[in-house]
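Colleague: Protein chains in written order, with the working numbering: chain G, 1 to 286; chain B, 287 to 553.
Simulated from the structure, these hints should not be mistaken for laboratory data.
Here a beta-carbon is modelled for each residue, glycine too, at the ideal position from N, C-alpha and C.
The reader is advised that the hints may include incorrect statements.
Simulated DEER-style distance windows between Cβ atoms [claimed, not checked]:
1. Trp76/G <-> Pro467/B: 53 to 59 angstroms
2. Trp76/G <-> Ile401/B: 28 to 34 angstroms
3. Tyr299/B <-> Trp76/G: 53 to 59 angstroms
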Amino acid sequence: MTVVKAPEIPRQQRQPETRREVPARARARAGTGVGLGVAVVYLSIIVLIPLAAVVAKSTDGGADFFWRAVRTPDAWAALKLTLISAVAVALVNLVMGTVIAWVLVRDQFPGKAVVDTLIDLPFALPTIVAGLVLVALYGSGSPLHIDLAYARSGVFVALLFVTLPFVVRTVQPVLLELDQDMEQAAHSLGAGGWTTFRRIVLPNLMPAMISGAGLAFTRAVAEFGSVNLISGNLPMKTQVSAVVIYGRIESDDTAGAAAISTFLLAIALIVLIALELVQRRAARRG
Amino acid sequence: MAKYSLRVITLGYLAFLLILPVGLIGWRTFADGLSPVIDALTSDDAVHAFRVTLIVAVWAVLLNTVFGVGAALLLVRGRIPGKRLLSALIDLPLAVSPVIVGLALILVYGSFEPIGRWFGDRGVQIIFAVPGMVLATVFVSLPLVVRAIVPVLQEMGNEQEQAAHTLGAGRWATFWRITIPGIRWALAYGVVLCLARALGEYGAVAVVSGRVVGQTQTATLFVEERYQNFDTVSAYATATALALIAIVALLIAKLLDRGALKRSEKH
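Let the sequences and hints guide you as you build the complete structure.
Modeller: So this is what it looks like as structure tokens:
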């Protein structure tokens, strides 16, 4: 017994790491491999293969068919409405989101915590409920006598509703972290409130504002549920692209639906890549 | 002065965009008292719609939770090539329109497509049935659990896990006794967000469900169908119920987030 025990104790002390780590690491690597495989299969079954099928279907009839499907008058009008509204919504959010974030961080008033929580409501609320809620206040029979139903302004309000949190939630943390020393220095050197904001605060917030607005843009381009009720889906007038795609699917024109979808996916991809580049540049500078 | 005007602008904007519309629905729902609301919510179609919603949501949350924990571990702890690509692919669903999600699934799993037909021959219908609705819901809520866990895993570091390893704990023991307790707040937060999203999904489910009343109709589809059929009492009652679920989920998520924050400050 003593003969066996004696050499074992010093050996464990000498190199306990290598004795345990080698098999543990090998097992960990095997586990990582299996995990990666499962994750890739899961993503493929649910996301990648289906999206690839959309792109494949859109190019089935060649480039000619693709452009004809995208340039069909109602699809083209919807695309223009979608993109113009999405840009407008992103711009409004750029300003209002920053104002709201500013008030939530720098201002103090009773009930601020409630307002802060409410900001996330558009993310939690089902889009069809958002649509219904807006139709109740801004539809025909509006208690405020503001009737935006079946109008492009209705689409715009619905998109503002669902994209509200993006800029607020990207700007807010940056504003919280921002050191106020520089602002105070600017103040003491005689800069007014607006000058200080424009020269000191705004440059620091810009990357977050842009990425929030970009996310709001992609969301607005993709939106379906909230616009559905208030827009009335009038072709050439209030129909957005997602609704046109839906109509194409319903009438069994999946190839046409796929072409418009691919076009929208490409736009979303370009915007996301641009945002990534903006963020990388900001990270390098910051 | 500028301070007050910004506060007024903020509160005014939120009032007209968010608070008044949501409040109005609640007010209109209960304008005639509680009993019509209860009648509307306990009608056969409404009960069935909520049951379908629940079945689909539970499956979607279950799948995305298992995937989410695994994928987060891979992204943070794994030494794998193409991590950035995997991360980008996981976020991809957020940028895809729900209608396109539905179309994409139909083009692969529809009964006229090769894969869909293969399943159909074996008696499994995917599109216009619950499996397709689960797939659609999984798609739209895919990144939520992953994104909730990743930052906490990063902050936690792997010293404790390595300590457990050197003390002789196996991978499973380490996972259940060190990793899971470490991320439990974030995990719960992600699950709540995922559940809220799954319960409220409308566009993708509208495409793949076929909207068969009393069969594949979910609560959100029920709201729309009732509204289009001028049954505003049912539409408002169901919408208010869904809104209340969303608000409760939001409050729970806030509490969990704060819990996670406190825990990380203690460390």
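Colleague: Would you pick out the hints that fail for this structure and give their numbers low to high?
Modeller: Checked against the structure, the only hint that fails is number 3, while the rest are satisfied.
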